[in-house]
Every structure is written in structure tokens, then in C-alpha cells.
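Colleague: Using UniProt numbering, you'd call the opening residue of the sequence shown number 1 and step up by one each time.
If you are wondering where the hints come from, they were derived from the structure by calculation, not from laboratory data.
Glycine included, every Cβ here is placed at the ideal spot set by N, Cα and C.
There could be a bad hint or two in this list.
DEER-style ranges, computed between Cβ atoms [unchecked claim]:
#1 F47 / E89: 26 to 34 Å
#2 K55 / V78: 14 to 22 Å
#3 N97 / L65: 16 to 24 Å
#4 D74 / F96: 34 to 42 Å
#5 K48 / E89: 27 to 35 Å
#6 D74 / K51: 17 to 25 Å
#7 G75 / K55: 15 to 23 Å
#8 E66 / P46: 17 to 25 Å
#9 K37 / P60: 15 to 23 Å
#10 N97 / R72: 25 to 33 Å
#11 K37 / F96: 17 to 25 Å
#12 E89 / R43: 19 to 27 Å
Derived pair list, reagent style DSSO-like, types lysine-lysine, alpha-carbon separation capped at 30 Å [unchecked claim]:
#13 K37 / K55
#14 K101 / K56
#15 K86 / K100
#16 K93 / K48
#17 K93 / K56
#18 K71 / K51
#19 K56 / K37
#20 K93 / K71
#21 K51 / K100
#22 K86 / K55
#23 K37 / K101
#24 K55 / K101
#25 K71 / K55
#26 K100 / K37
#27 K56 / K100
#28 K93 / K55
#29 K56 / K71
#30 K71 / K86
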Amino acid sequence: NRTDRKKLSRIYRKKIKLQRGNKEKQNVDDDIDESKKPRIIVRNIPFKATKEDVKKFYEPFGEILEINFPKRMDGTIVGCCFIHFKQLEDASKAIFNTNKKEFLG
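Working from the sequences, and respecting the hints, build out all of it.
Modeller: Encoded structure:
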């Protein structure tokens with residue numbers, strides 16, 4: 001809208017040009033930051049759980065790149081973990097197949 005553009009120009013004291021983006025020019029994979037790769041959070045992990053336990057349980061659903069256990073200041077785990085998968089589909093399969101399932105119970 002032309003009047004909206006004029007208002008914005010006055011606010012920022014410079015001319016602006018609005019145009020539609022071209023979806024074909026964008027490669028979605030290039031825009032994804034490494035920290036935004038497919039990952040899931042698993043809550044209520046037993047405190048005795050290890051990375052190997054988590055890997056054995058979740059590996060059937062796809063290639064796991066990394067497993068992180070957040071820790072408190074004293075070094076103990078907080079009872080959850082982040083699992084980074086190579087593919088989004090693998091992360092989705094892991095969620096679908098393990099939701100509400102008992103782990104090391």
C-alpha cells in the first residue's frame with residue numbers, strides 16, 4: 001500500500017522499496033543453521049541413563065548425529081536430553097514410535 005510505504009519512509013527518514021520474494025531462488029537447506037537441524041527433546045530420562053542407552057533406543061529410527069544431556073552446575077543431568085538426527089523424517093519417526101513408551105523403566 002502506497003500510503004503505508006510513505007509513512008514508513010517518514011519514520012525511518014529514507015526511501016524503502018518493498019517487493020515480493022522469489023521462492024525459487026531460496027535453497028531451504030542453505031538457510032538452516034547447524035543448531036536448527038532436526039532434533040528432538042526427550043523428557044523424564046532416568047538419571048542413570050547414558051548416551052549409549054539413548055542411542056540404542058533411538059538408533060532404529062535413523063542416523064543420530066549427536067546426543068546432549070543438559071547438566072546442572074554441580075554436573076548432574078537434569079532429566080532430559082536432546083537427540084540430533086540427520087534427517088527430519090527420522091526425528092519424526094522417533095517421536096511417533098517412542099511417545100509414551102517406557103525407557104529404562
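Colleague: With reference to the structure, classify each hint as holding or not holding.
Modeller: Evaluated hints:
no., hint, in the structure
1, F47 / E89: 26 to 34 Å, "holds, 31 Å"
2, K55 / V78: 14 to 22 Å, "holds, 19 Å"
3, N97 / L65: 16 to 24 Å, "holds, 19 Å"
4, D74 / F96: 34 to 42 Å, "holds, 35 Å"
5, K48 / E89: 27 to 35 Å, "holds, 31 Å"
6, D74 / K51: 17 to 25 Å, "holds, 19 Å"
7, G75 / K55: 15 to 23 Å, "holds, 21 Å"
8, E66 / P46: 17 to 25 Å, "holds, 20 Å"
9, K37 / P60: 15 to 23 Å, "holds, 20 Å"
10, N97 / R72: 25 to 33 Å, "holds, 30 Å"
11, K37 / F96: 17 to 25 Å, "holds, 19 Å"
12, E89 / R43: 19 to 27 Å, "holds, 22 Å"
13, K37 / K55, "holds, 18 Å"
14, K101 / K56, "holds, 14 Å"
15, K86 / K100, "holds, 23 Å"
16, K93 / K48, "holds, 25 Å"
17, K93 / K56, "holds, 15 Å"
18, K71 / K51, "holds, 13 Å"
19, K56 / K37, "holds, 21 Å"
20, K93 / K71, "holds, 27 Å"
21, K51 / K100, "holds, 20 Å"
22, K86 / K55, "holds, 14 Å"
23, K37 / K101, "holds, 24 Å"
24, K55 / K101, "holds, 15 Å"
25, K71 / K55, "holds, 18 Å"
26, K100 / K37, "holds, 24 Å"
27, K56 / K100, "holds, 17 Å"
28, K93 / K55, "holds, 15 Å"
29, K56 / K71, "holds, 21 Å"
30, K71 / K86, "holds, 24 Å"
Taken one by one, the earlier hints all hold for this structure without exception.
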